[in-house]
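Trainee: Residues per chain are reported as follows:
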Amino acid sequence: MKRTGAQIVWESMMREGVAVVFGYPGGAIMPVYDALLDYPVHHVLVRHEENAAFAADGYARASGRVGVCLATSGPGATNLLTGLADAMMDSAPVVAITGQVASSLVGSDAFQETDVTGVTLPVTKHNYLVTRVEELAGVMKEAFHIARSGRPGPVLVDVCKDVQFASTDFDYDAIQVRLPGYRPVMRGTEEQIEEAVALINASQRPIILAGHGIILSGAHDELQSLAEKAHIPISTTLLGIGTIPESHPLNLRMMGMHGEAYVNQAVQAADLILALGMRFDDRVTGTLRTYAQNAQVIHVDIDPAEIGKNVVADIGIVGDAKNVLAQLLPRVEYQERADWFAQIDEWRQDTTRRDILNREEDASLHVPFVIDQIRRSINGSGQVTIVSDVGQHQMWAAQYFRHERRNRFFTSGGLGSMGCGLPMAVGASFARPDEEVWVIAGDGGFQMSLPELATVAQERLPIKIAVMRNGYLGMVRQWQELLLGKRYSGVAISSPDFVKVAEAYGILGMRASEKSQVAEVIAEARSHPGPTLIDFVVEQEANVYPMVEPGKALHEMLRRPLA
Amino acid sequence: MALVDRSSDGKETTRVLVALVENKPGVLTRVASLFRRRNFNIESLTVGHTDSPDISRMTIVVDATKTNAAMVERNLYKMVNIIDVQDVTQSPAVMRDLALIKVKIDGQTRFEVMQLIDVYRAKVVDICSDSMIVEVTGPEAKVNSLVDMLRPYGIIEMVRTGLVAMVRGSGYWSGMPPENGNGSPVETEPDIVSLGM
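Protein sequence lines correspond, in order, to chains A and B. Numbering-wise (our numbering), the first sequence opens with residue 1 and increments by one. Numbering-wise (our numbering), the second sequence opens with residue 564 and increments by one.
Because the hints were derived from the structure by calculation, they are not lab data. Bear in mind the structure is a predicted one, so any value in this text is a computation, not a measurement. Mixed in with the good hints there might be a few duds.
[What the hints assert, rightly or not] Using 25 Å as the maximum straight-line C-alpha spacing, the simulated DSS-like pairs for lysine-lysine come out as follows:
#1 Lys629/B / Lys686/B
#2 Lys309/A / Lys705/B
#3 Lys705/B / Lys686/B
#4 Lys686/B / Lys665/B
#5 Lys141/A / Lys587/B
#6 Lys667/B / Lys705/B
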């Protein structure tokens with residue numbers, strides 16, 4: 001059958017199961033928008049293209065499917081960049097469709113022309129410039145395949161405007177994807193597995209470091225089974241939160257710069273690190289010079305270029321975490337390791353005593369208290385997805401919201417892009433229409449994507465937005481306080497009256513500035529059927545502890561002061 | 564490719580990688596962008612045709628004192644348009660560099676230079692009264708040696724192609740996975756053995 005390029009874009013998406021896209025129209029993508037009217041795909045108009053990419057990213061994380069965003073040429077496409085870079089760093093499967101000027105004009109500095117495949121090259125897993133309509137369907141099929149397979153990531157398809165108008169024969173099912181150079185390795189070799197099992201079974205002080213790869217490969221069951229069968233404690237990365245219930249006795253919880261001290265001490269003292277779908281980010285390791293010096297390292301990742309990149313692996317296994325864990329599982333043996341667990345418990349002992357930020361008797365309102373109240377409110381009726389923006393509140397959300405269910409915490413991990421929270425929640429809300437979606441944001445990040453309140457209102461998304469307003473760009477302020485002699489530079493931030501702003505958008509706005517008000521506003525937000533925003537007026541100069549200062553060893557932490 | 568970190572156990576200060584790449588627009592940009600982005604230190608990169616019009620071949624010489632060649636190999640491997648990568652440093656391989664050297668001559672030195680060139684089995688490909696262009700092919704060390712010998716006469720201009728390499732013997736390296744019949748690669752899981760991992 002004959003189809004125009006614009007129709008092929010939608011026909012291909014329908015065959016890939018796409019039901020919702022996030023975008024913003026413009027000149028070079030108008031034929032695609034015209035054709036959209038004939039297809040049952042829901043288009044969400046964002047208020048800035050960056051947020052289309054973040055929404056697609058959030059949709060992808062929450063659904064496990066490919067998220068799609070659309071933009072026009074030039075400024076539309078360049079505005080996507082931060083969201084694409086975020087999806088790249090955090091391995092989120094995203095397909096971006098951008099309009100491009102007519103193929104005859106490419107390279108002429110035409111109106112709204114930018115070399116989009118050029119500028120997106122380092123922030124996409126792969127990208128395409130389509131100049132002939134005959135190529136389009138094959139490119140679409142490849143794009144979806146590449147985005148979701150192997151280590152997932154963003155793929156951009158830049159479609160020239162004349163290609164959108166032109167017609168060709170279309171038979172999606174008959175297209176064979178030929179990617180001779182794209183062969184993700186899915187499981188470990190017999191030799192690698194054998195060596196790994198020997199190390200695991202012989203280890204006295206092992207620790208599993210579980211990352212985002214566990215979630216991406218759906219290896220939650222295998223992870224828990226392996227940890228239980230071999231009796232090994234687990235620590236998660238920021239994006240590994242939600243791989244195993246946080247109340248599980250083997251889950252030590254988050255490691256790294258703002259991980260609890262006993263977790264980092266365990267990593268530093270371990271004789272074996274079993275790293276699963278994580279990439280030894282500097283926020284996880286502290287200085288590499290002193291990182292886990294007594295440990296042998298088994299590193300499992302689907303991306304061969306991650307192995308040996310930051311930490312030398314004694315055994316590197318390239319493969320999908322689910323497959324590799326299934327290969328390891330039958331051969332690992334239970335070891336008591338009583339000394340090891342006793343040691344970790346000893347390190348853990350004073351942790352609660354240091355937890356002053358969460359105390360009822362402290363008069364001021366701290367973010368951890370708010371997060372903990374949200375958790376308590378939801379506890380038991382636990383259908384909630386938490387999307388966090390970037391900054392202090394993000395770390396507190398990671399520390400204080402204990403996730404019992406899988407994949408309920410989304411945030412910009414690798415890129416740390418402020419402003420991601422609200423648009424990612426928009427995407428997550430479409431992926432999980434029956435679930436309560438909360439945004440935790442600071443007054444800085446929230447104002448970066450504040451216009452998306454209009455998207456929330458237009459789409460009537462029942463998102464609950466908790467803005468932690470401390471009047472500072474808190475994490476930068478914290479570093480200036482602790483590392484730069486309290487020379488505050490460019491961190492004081494004013495905000496509009498968020499309650500009035502919410503109301504202006506037709507969203508229920510509330511405020512809480514005292515502890516006694518917190519539970520009430522949370523309950524009210526939860527019972528309100530539509531979107532709500534709560535302006536939490538919090539302690540201005542609170543710090544996230546523990547903290548590993550940049551360049552310091554993982555065990556040299558600034559602890560919370562003792563109560 | 565293999566996962567063993569060969570660059571740390573070898574003593575070579577340079578490593579030679581050979582990559583088969585799809586002959587598509589932008590592939591060279593992708594490779595160059597990768598090297599820049601990952602801060603890889605590359606001595607030379609040559610690109611040329613193969614016997615298949617769909618496939619080009621790159622030879623990449625890595626400065627192993629500054630860059631981990633295994634990381635270069637793995638990053639190249641994961642690129643969609645790169646069909647396969649081999650580190651041929653320790654393989655029995657023919658490695659050749661070609662140089663064109665324009666050297667000063669006069670009536671006295673002309674025959675001296677030509678004798679020198681003869682020793683290196685190099686060729687004079689252009690000559691005029693005060694200069695000649697010498698063409699030399701060989702392993703980099705041989706080319707370097709000739710360049711050193713010619714330098715005292717005065718090198719006016721020089722260009723080198725960078726190394727190209729091919730493993731000896733009758734083996735054929737297509738880089739392609741084994742045929743899987745009529746199935747599309749979308750449906751199949753790659754054969755790990757063929758990848759040597």
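Trainee: Each hint needs a verdict: does it hold in this structure or not?
Mentor: Status of each hint after checking the structure:
{"no.": "1", "hint": "Lys629/B / Lys686/B", "result": "violated, 35 Å"}
{"no.": "2", "hint": "Lys309/A / Lys705/B", "result": "violated, 35 Å"}
{"no.": "3", "hint": "Lys705/B / Lys686/B", "result": "holds, 14 Å"}
{"no.": "4", "hint": "Lys686/B / Lys665/B", "result": "holds, 12 Å"}
{"no.": "5", "hint": "Lys141/A / Lys587/B", "result": "holds, 18 Å"}
{"no.": "6", "hint": "Lys667/B / Lys705/B", "result": "holds, 20 Å"}
Checked against the numbered hints listed earlier, the structure breaks hints 1, 2; every other hint is satisfied.
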